[in-house]
Amino acid sequence: MKKYFDFLKRHLLEVQLLLWITLGCIYWCYWHFKPFTPNAFVFAYTRPVSSFTDGFITDIYVKNNQFVKKGQTLFTVFKEPYKLKIEELENEIAARCAELKSQEAAVKRNLSEQKQAQARLKNDQYLYTQADNMLKSSAVAGEYAEERLRAMQESQAQLEALKYAGEEIRHRCSMIEAQIKKLTASLELNKIWYALTDVKAFADGYITNLTITPGGYYRAGEVLCGFVDTSCWYVQANIKESELSAIRPGVKARIWLWQHPGKVYNGIVEYTGYAAERRKMSAQTGLTEVEKENEWFLLPQRFPVQIKIVDYAESDKFTHGASAYVELDIPSRPIRQFFWEIFLWD
Numbered sequence: 000m001k002k003y004f005d006f007l008k009r010h011l012l013e014v015q016l017l018l019w020i021t022l023g024c025i026y027w028c029y030w031h032f033k034p035f036t037p038n039a040f041v042f043a044y045t046r047p048v049s050s051f052t053d054g055f056i057t058d059i060y061v062k063n064n065q066f067v068k069k070g071q072t073l074f075t076v077f078k079e080p081y082k083l084k085i086e087e088l089e090n091e092i093a094a095r096c097a098e099l100k101s102q103e104a105a106v107k108r109n110l111s112e113q114k115q116a117q118a119r120l121k122n123d124q125y126l127y128t129q130a131d132n133m134l135k136s137s138a139v140a141g142e143y144a145e146e147r148l149r150a151m152q153e154s155q156a157q158l159e160a161l162k163y164a165g166e167e168i169r170h171r172c173s174m175i176e177a178q179i180k181k182l183t184a185s186l187e188l189n190k191i192w193y194a195l196t197d198v199k200a201f202a203d204g205y206i207t208n209l210t211i212t213p214g215g216y217y218r219a220g221e222v223l224c225g226f227v228d229t230s231c232w233y234v235q236a237n238i239k240e241s242e243l244s245a246i247r248p249g250v251k252a253r254i255w256l257w258q259h260p261g262k263v264y265n266g267i268v269e270y271t272g273y274a275a276e277r278r279k280m281s282a283q284t285g286l287t288e289v290e291k292e293n294e295w296f297l298l299p300q301r302f303p304v305q306i307k308i309v310d311y312a313e314s315d316k317f318t319h320g321a322s323a324y325v326e327l328d329i330p331s332r333p334i335r336q337f338f339w340e341i342f343l344w345d
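In this text, residue positions in the sequence shown follow numbering that gives the first Met the number 0: the first is 0, and each later residue adds one.
Read the hints as simulated data drawn from the structure, not as lab findings. Do not take every clue at face value.
[Unchecked claim] What follows is a list of derived Cβ distance ranges for each label pair:
1) Gln65 <-> Glu176: 47 to 53 Å
2) Glu145 <-> Lys114: 24 to 30 Å
3) Asp58 <-> Ser241: 29 to 35 Å
4) Arg247 <-> Leu188: 45 to 51 Å
Each residue gets a CB set at the ideal place from its N, CA and C atoms; glycine is no exception.
Make a model of the complete structure from these sequences and hints.
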């Protein structure tokens with residue numbers, strides 16, 4: 000035993016170095032027994048918040064970094080122009096409807112006039128037939144028969160004119176009906192714009208970067224603040240390309256977050272990114288820029304893997320962009336990866 004302690008005393012530095020190397024190898028193998036990366040971060044779907052209508056902001060109902068529920072009103076754009084436009088269209092539709100009723104009454108009057116003209120035409124046809132027969136028997140003068148003919152032709156022309164007038168009125172009715180449909184569609188559209196003057200949350204989440212105040216004029220589509228959709232939380236893990244072949248949607252994962260020390264979250268892989276941009280072009284010459292790589296060995300490219308966190312509590316507060324560690328529940332080959340990355344020369 001004494002010789003053993005003497006040996007340790009003489010080679011204490013070497014023993015400590017060997018111990019630390021052994022512990023380091025054990026630690027490295029432990030974390031690389033399964034695909035593991037510290038290159039990960041928390042994220043949720045975000046969207047810019049903007050008004051859908053032009054105008055100045057009259058009311059703001061939320062504060063910066065406030066949690067809002069789906070459908071909650073965030074702010075209001077000046078409503079009066081859109082309200083007056085709706086009233087204008089409603090009055091114009093009412094006027095067109097009254098005009099349509101007037102034209103429909105004109106159609107009925109035209110039909111009555113056509114009946115009267117048809118009756119006169121039949122009477123004139125009868126009188127002309129009688130006059131023509133009497134002219135053949137020399138019972139009347141030729142002037143009388145000619146007068147009856149002109150009267151019949153005049154009645155026939157009046158009937159034709161009334162028919163064309165009736166057709167014109169019906170076309171005018173069709174035109175007014177089309178105008179009413181157009182105005183009705185415009186009215187419905189303006190009602191939509193009027194409703195959109197109240198900007199509402201599309202999901203549960205947090206308002207961020209809210210710096211606007213009432214009274215500012217903004218155009219539709221201008222970004223007013225940010226919104227973080229907290230209905231689902233995800234982690235983007237940037238995994239080495241040498242480990243991508245075994246990763247499939249549905250693979251389980253363990254997640255550690257810096258902002259929640261000691262907690263382990265479970266996740267499921269949703270998809271793996273199929274591309275990572277590596278090409279660069281010079282803005283001055285348009286030529287390809289080739290980065291200076293390490294000449295001893297090349298680092299593997301990383302690709303994004305989206306993982307959905309499935310078991311967090313409502314009390315757990317996550318922050319978009321927070322750092323994370325991720326371990327995937329699939330077998331890895333740490334020794335092979337080690338020698339591949341270290342000793343595969345370029």
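How the hints compare with the structure:
The given range of 47 to 53 Å is respected by glutamine 65 and glutamate 176, whose C-beta atoms sit roughly 50 Å from each other. In this structure the hint that glutamate 145 and lysine 114 lie 24 to 30 Å apart at CB holds, the actual value being about 28 Å. As the Cβ distance of aspartate 58 to serine 241 is approximately 55 Å, the hint placing it in 29 to 35 Å is violated. The beta-carbon spacing between arginine 247 and leucine 188, approximately 47 Å, falls within the hinted interval of 45 to 51 Å.
This entry does not satisfy hint 3, going by the numbered hints stated previously; all others are met.
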